[in-house]
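Going line by line, the protein sequences match chains A and B.
Quick note on the working numbering: the first sequence kicks off at 52 and runs consecutively.
Quick note on the working numbering: the second sequence kicks off at 52 and runs consecutively.
Careful, some of the hints might be misleading.
Each pair may be met inside one copy or between any two copies, as identical chains are not told apart.
[What the hints assert, rightly or not] Taking lysine-lysine pairs in the BS3-like style, the calculated list, with each CA pair at most 30 angstroms apart, reads:
#	residue 1	residue 2
1	Lys136	Lys204
2	Lys441	Lys374
3	Lys363	Lys441
4	Lys136	Lys271
5	Lys400	Lys441
6	Lys441	Lys368
7	Lys155	Lys271
8	Lys364	Lys158
9	Lys88	Lys271
10	Lys368	Lys447
If you are wondering where the hints come from, they were derived from the structure by calculation, not from laboratory data.
Protein chains: 2
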Amino acid sequence: MADLHAWLETHLLKLNLVNEMDYEQGFSRLSYTKEEKQSHQAFQMIAQSLGLTTTTDQAGNQWATWTVKEDAPTAAVGSHVDTVKNGGGYDGVAGVLTALAAIKILKDHEFQPKKNISIICFASEESARFGVSTIGSKSISGLLDKDDIAPVKDAEGITIKEAVEDFGLPWEKVGEAELSEQDLESFLELHIEQGTQIEDNQADLGIVRGVACPIRLQVKAVGMANHTGTTPMNRRFDAFAAIAPLVAFVEEQASLLNREQDIPLVATVSTVQLEPNVMNVIPGEVTLGIDIRSVNDSLKRELADRIAAYCKKIEEKRSVQIKINTLVDNPSVFLNPQVHERLTHVTEKMGLKPFTMDSGAGHDVMNMAHKWPSGLLFIPCEQGISHHPKEFASIKDLAKGSQVIAEYLKEETGEGH
Amino acid sequence: MADLHAWLETHLLKLNLVNEMDYEQGFSRLSYTKEEKQSHQAFQMIAQSLGLTTTTDQAGNQWATWTVKEDAPTAAVGSHVDTVKNGGGYDGVAGVLTALAAIKILKDHEFQPKKNISIICFASEESARFGVSTIGSKSISGLLDKDDIAPVKDAEGITIKEAVEDFGLPWEKVGEAELSEQDLESFLELHIEQGTQIEDNQADLGIVRGVACPIRLQVKAVGMANHTGTTPMNRRFDAFAAIAPLVAFVEEQASLLNREQDIPLVATVSTVQLEPNVMNVIPGEVTLGIDIRSVNDSLKRELADRIAAYCKKIEEKRSVQIKINTLVDNPSVFLNPQVHERLTHVTEKMGLKPFTMDSGAGHDVMNMAHKWPSGLLFIPCEQGISHHPKEFASIKDLAKGSQVIAEYLKEETGEGH
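Could you build all of it, start to finish, from the sequences and the hints given here?
Here is the structure:
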C-alpha cells in the first residue's frame with residue numbers, strides 16, 4: 052500500500068509537470084496547447100515504463116495498450132489531462148493516473164488478462180479555450196462535427212483548426228479517430244466528484260447513473276450606448292441595468308426548482324460581456340452566458356422557458372431588445388447498468404461503500420457511452436472544489452480508485468468473461 | 052454663410068481624417084495614438100492655412116496663435132480631437148473646428164484684435180484608453196500628477212508613459228506644459244451638449260454654469276469559483292449572482308434622487324469584469340465600475356453612501372466579500388460669471404436664444420477654470436447621442452457656434468477690453 056501511495060504521489064506530479072502540487076495560480080493546460088502536449092508526453096513515458104505500447108490517434112488522443120492478442124476484445128479505461136485556466140491538478144489527471152496505477156497493481160499481482168486493456172488519455176476535454184468540450188472522445192465515438200467547430204476561436208483569435216495543426220495534427224483527419232463498436236468492449240472513466248455528495252452520504256466512492264448534459268444559452272440585450280454624464284436617467288437605454296436582474300432570477304428559479312422536486316438542477320450566469328465596457332459610456336450591449344444542468348432534461352427546458360419568459364417581460368418594460376441563442380442543448384446520458392453493477396460489486400467486495408449518484412458535469416464517458424457499455428466512478432475531492440487552484444483529492448482516495456479499477460479490470464478481462 | 056457652411060463641412064472631414072462622416076464603426080482616435088497625432092497634424096495644417104503660428108507643448112497639446120504683440124494678453128479658445136473607441140466625430144472636434152472657423156470669420160471681417168488669440172487643441176481628453184481624462188489641459192493648468200498616472204496601462208498592457216514616449220514626447224517633461232496665470236487672460240470651450248436640454252428648452256445654445264465632476268467607484272465582490280455542473284445551488288459563493296442586484300439598485304436610487312430634488316444626478320454601472328468568465332465555472336470575482344455625476348457634490352456622496360450600505364447588506368446576506376475603491380472623487384467646477392454673461396450677451400445680440408445649464412460631462416475647461424476665467428458653450432447634438440457612431444451635430448449649429456465664438460472674441464480682444 053505504501054508503495055502504491057508513493058507511486059501515485061510521484062506520478063501525480065509528473066502528469067501535472069510539477070515538483071509540488073501546491074500552486075497558488077493552479078494549473079493551466081488548455082486544449083491543444085504545448086502544456087497539454089507536455090502532459091501527454093509524461094503520460095506516454097509512464098505508460099511505457101509500465102510496459103504498455105503507446106500511440107497517438109488523429110484527434111491527438113493518447114493510447115497506451117496492454118496487448119494480449121491482436122484480435123482479442125479491448126477493455127478501455129481513461130480520462131484527460133487538459134485543464135481550465137487556473138484549474139486544479141486532479142480534474143482529468145485523477146482518471147488517467149488511477150488507470151495507470153491499476154495497470155501497475157495488475158502487473159504487480161502478475162495478473163494475466165484474457166483481453167487487451169487500453170488506457171486512453173483523451174485530448175482536449177475542457178471547453179475553457181474554445182467553448183467546445185470533449186473533442187478527443189467525440190472524435191473516437193464519431194460525434195465530432197469538425198466543420199461545425201472549425202471557425203471557433205480562442206480569446207487570442209486562434210481558430211481551433213489552427214490550434215490543432217499547431218499541435219501537430221492535420222485538421223482534415225481530426226474526425227478520423229472514430230472507432231467501430233467492435234474495436235472496444237467497454238469503457239470506464241474515473242473522475243473527481245467536483246461536488247460533496249459522496250462525503251454527504253458517508254460513502255467512499257460514487258458510481259454514476261446519469262450524466263447531466265447542459266443547456267447553454269447566450270442572452271444578448273441591446274440598448275443604446277451613450278455618455279454617462281449627460282444622459283438623464285429617464286432617457287437611457289442601459290442594456291446592463293435592464294438585463295442584470297436576470298442574473299439573480301436564474302439563481303432564484305434554479306433554487307426554487309430544487310425545492311419543488313427531487314432531481315437536482317443547477318444553473319449559473321457564468322459569463323458576461325459589456326459593450327463598450329468603459330467608465331463613461333452607458334452599456335449599449337450586454338451578452339450573458341447561462342449554463343443549466345440536470346439529468347432531468349425537461350427540468351432544464353422548464354428553466355430555459357422561464358428565462359425566455361422573464362426576458363420577454365424585461366423587453367416589454369424597458370427599451371431593450373433581447374435575443375436568446377441556444378448554444379448547446381444535449382440530452383442527458385444514462386450509463387450502462389451492467390457496468391454500474393460490476394463497479395458496485397467490486398467496491399463492496401473491497402469493503403468500501405459505494406453511492407449511486409448522477410453527475411452534474413459532462414465527461415468524456417458521456418460520448419463513449421453513445422457507442423460502448425460505459426461506467427463512471429467518482430472519488431471525493433475536498434469540499435467539492437474544482438476548476439480552482441484549491442482543487443484537491445487525497446492520495447488515499449486515488450489509491451482506493453486505482454484498486455477499484457484494478458478489481459474491475461480483473462473481472463472485466465479475466466476468466467469467465 | 053454658404054461659404055462658412057462649406058468651410059465647416061470640409062474641415063470637419065479633415066479633422067476626422069475621412070472623406071465622409073457616415074461611418075458605421077464611428078471614430079476611434081484614442082489618447083496618444085497615431086490616430087490622435089494624425090488629427091493634430093490636420094489641425095496644424097488648417098491653422099497654418101488661416102495664418103496662425105503652430106507649436107506643440109510638452110504634453111502634446113497643439114497651439115495655434117494669432118500674435119498681435121509678443122507681450123499682449125492672450126485669449127484662448129479650444130477643445131480636443133481624440134475620441135473614445137467607436138465614438139462620434141463631433142465630441143471635441145466641434146470645439147476645435149468652430150474655434151478655427153471663428154478665426155476665419157474674424158479674418159474675413161478684417162477684424163484687428165488688440166490681444167493675442169490662441170486656439171488650443173488639447174491632447175488626450177478622453178479617459179477611454181487609460182481611464183485618465185483631460186491629460187493635456189491638466190498639464191497646462193498645473194493639475195497633472197504625472198507620477199500618479201505613470202504606471203496606468205491600457206487594455207494592451209501599454210503604460211501611459213510608454214504611449215506618451217511613442218507619441219514623441221519625453222515623459223519627464225509632460226508636466227512642464229504648465230502656464231502661469233499671466234500667460235492667458237481667459238479660456239472658452241465649445242462642445243456638443245451630449246444631452247437634449249437645449250432642444251427640450253427650445254433654445255439655440257447652452258451656456259454652462261457648473262461642470263459635474265464624477266465620483267467613480269470600483270466595487271469588487273469576491274466569492275469562490277467552482278464547477279457550474281457539480282456545485283449544488285445551496286453550496287455556492289457566486290460573486291456575480293451576489294453583486295448583480297447592485298446594477299439595478301444604482302439605477303433605481305439615482306432615479307429616486309432625481310425625483311426627490313431639483314439638481315440632476317446621473318449614475319451608471321458602466322463596466323464589469325468577471326473572473327474567470329468561462330461557461331462552466333461559477334464566477335469567483337466580479338469587479339463593477341460605477342460613474343456618479345452631479346454638480347451637487349453632496350448628492351453624489353449621498354448615492355455613494357447608499358451604494359456602500361447596500362454592499363454591506365449583500366455581504367451580510369451572502370458569503371461574499373465586497374470592497375469599494377474610490378477611483379475618482381472630484382468636486383464640481385463652477386465657471387466664470389463674467390464669461391457666462393459675455394456669452395449670453397453675444398448670443399442674444401445675434402438673435403439666438405441661450406439656455407443656462409450645467410454640464411454632466413467633464414471637459415478640458417474644468418481644468419482651465421482652476422486658473423483662468425473660463426466659459427463653456429454647448430451646441431445641440433441629435434437626440435443627445437454621444438460617444439457613439441450616431442453622434443451628430445448639424446453644420447447649421449456648428450456655424451452658429453462659430454459665430455458666437457467670433458463675436459465673443461471681438462468683445463474679448465477688441466477695443467475697450
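**Report entry** Hints that the structure is at odds with (numbers, increasing)
**Finding:** 5, 7, 8, 9 and 10
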